[in-house]
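Chemist: As you go down the protein sequences, you meet chains A and B in turn.
Under the working numbering, the residue at position 121 of the first sequence is numbered 121, and the numbers go up by one with no gaps.
Under the working numbering, the residue at position 152 of the second sequence is numbered 152, and the numbers go up by one with no gaps.
Rather than coming from a laboratory, the hints here were simulated on the basis of the structure.
Source: prediction; values computed, not measured.
Every residue gets a Cβ at the ideal spot worked out from N, C-alpha and C, and that includes glycine.
There may be inaccurate statements among the hints.
[Unchecked claim] Partial list, derived from the structure: chain B residues whose beta carbon lies under 8 Å from chain A: (1) Ala198; (2) Tyr202; (3) Val205; (4) Ala209; (5) Leu230; (6) Ala233.
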Amino acid sequence: MDAQPNPWLSWRYVERNWSEISDALGIHTSLTVQAVAIALAIAFPLAVLAQQVKWLSGPVLGAAGVLYTVPSFALFALLAPFTGIGRTTVLIGLVMYALLVLVRNILIGLRGVDRDVVDAARGLGYGRWRLLMGVELPNALPSIVAGLRIATVSTVALATVGVVVGYGGLGQLMFRGFQSNYRAQIATSSILCVALALVLDVAIVLAGRALMPWARRRRPA
Amino acid sequence: MSVWAEAWEYATTAVNWTGANGLTRPTFDGGWRWAQDSMIALGIEHLYMSGAAVLAATAIALPLGLILGHARKGAGITVLLSNVSRAMPTLALLTLFAASSIGFGNRAVIIAAAIFAFPPILTNTFTAMAGVDGDVREAALGQGLSRLQVALKVELPLALPLIAAGLRTSASQTVATVPLAALVAGGGLGVIINTGLATQRYGKVIVGAILVAALTLIVDFALSRLERCLTPAPLRQQHRVAS
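With the rest of the complex left out, here is chain B (with noise of 0.2 Å):
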């Protein structure tokens, strides 16, 4: 049988998608998971687990981005953090975090994603912010208004566009990421594909594969949709980039 029809077999055998015993199962201590066996239970925990870290990492990053960026200091320290976190592998962080009292599962798995959202939030709101004309803020100052109000009222507007497009770039790479929570352990849509390749059933594969790159694609799609709400018509030409 050829990979592609036993894909196909796959995606269209419906306990699959269910799970044998439904979409949740019981622990030992009382408590309750999602069913590794089902597609639908492990792509809720995948959007679970993606979600849980970029709001981690947005609840730090983007204060901080604001701050940092309304302020104008800090541009080298953003940029190490960039630069450092795209060097260090995910598969480091997750090995180290499992040998360590983190430990491994899906908190480890959270908390490591967290640590890969943060930086192009942090990055793209504080280059935002900084990057809001000076002129602008002198208007704003001149007109009264507190230094609290030039940041909240004039500096976030214009600074929104790219602020979004840095949430969309680090959701869209945290559910690409997550996957790699198989390995460790974890749970995700990447069980799909960790346990097809473990047992050399490679039309699972594909279809954990597939599934993955669509939710990514969605989520993209769907942020982006909210980056384009968030602009303001004038300035939807201009923010393009986001780093």
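Extracted from the complex, chain A is given alone in its bound form (with noise of 0.2 Å):
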């Protein structure tokens, strides 16, 4: 019965198939960076039309609620009629989710500046776009690079839905793992899941940081 072994980790699975590895991990990387990036292009500019526009906020931030508790394994599932399987598909589900908590926070980001800062601003001078570009904005980073980064790690746990479809990047990986019972693929795909996450949450942190000095001033090291 136990003449073949299964390990979970081995190196000489990793080495025999690197070239497929790479492939899923450039696959699941470049799907993620994407998702997040179209999804935060979106999102701005609804978020500051639903600020401007006091009436809107409530449809916008109720709507983005609703539409989080769709369930991703039924949103691929739902939009694979229309869109094919493939590429297309599994982006257009992962920017509508990475949207849904980006336009949130951004929201929650505008709305929480000082308003006596917008009136000082206001008081200097500024105009709408101005106050918008150079006072809001940057009042509202915090909470915007939160946003970004709870949607860039949630984004690449849910590309591995993406199996549904055909197109899961490292998901394709451990579903094979699994068809095949082949511990190792299953394993070290899943490592290189979190590891990708993690490394995209420390690549923001840094960015925001880098984006942010005036933060890292008031909390001496």
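Dock the two chains into a complex; use the hints.
Modeler: Next up, the structure:
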């Protein structure tokens, strides 16, 4: 019965299948980065709009909350008949989930800006656009960075569900490992997935620090 | 035939709800299992799996959160747990279980779902208990209440709304996660989506997806009522944020 060894971690597996593993890792990374970037590009104008037009913010936040309860498995499956199987479907799904987190956090960030600061800027003659880019945006950055971190980390995890439509990056390896009961394949891709989430998370934290030197100065190390 | 027409036809065919041979099916060892061709049976199975997972998670996370929150210790651990669980894909856990001695099928899915249901309950319970005003605690202790009484009679009632919010997050998330079971030979409504995809009957996929989404929203709504009932009227405006 126990003829074939089936170790959880095997360097030989990694060595022999490196091209496949790195392909999956590359797909996973590009999928995540692309999805979060697109989501950010859509979320920012949406959040600004919702902040400017007061009656819009309730429906925007409400819709985000409701949409977030739609299961990923179901969403990918719902998109599949219309956008086919493959990268586009997964990307659309991931963008939708990331969008919800981002809109929420950007809006909360923009709303949380101290009214006195905004008034002071207005008093100095700042116009609408300059006020947004020069005062409100920098003040909302901590909340936006927090949202980006949540969106990125959960997008890495969600991308594996892309297996449903045959494009799950590392999830594809997990699923194949499951089908052939190949432990090394499952364990390696799982570890890489968590590691990828961690690396991207740290990257965002560092980028956030670089963007917000004032936040560092406030807290002496 | 368009996908929507196909979906409509699938949803309006009675046998797809009741199953060709009833809701249950005998198994080889003399037991029974839910019929995999009946949406009602799969729905019940789905609710059972989600419920079992949330109950198991609550049984551990709630006391742990109460104790840690009361002692105001272990904030780092709870944050770490919820962060790691966010980064860990459900699919990874399911496939890891399948290849280990835990195996696959409904039991493994319930364990995996319970692990993901755990962090929101723990985090919220901890935050709620630890967030009770220090002065209130002091006052209660000063009046001669024991630590246990302070925890159960003062802190717990004040913490209830946020704890209920955590349960709600956890439950709706679990109902939405359980469909992944279909990928590792488990039951529940994911089976409809999975077989629909495999046989390219996208109408069936749509029906399955809508069912899962609807079930998630129903559970979320039901628990939001519960959350409201548990919240004393003066507190209703304050506790809105669930982590």
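Chemist: Check the structure against each numbered hint from earlier and tell me which ones fail, lowest number first.
Modeler: 1, 5, 6
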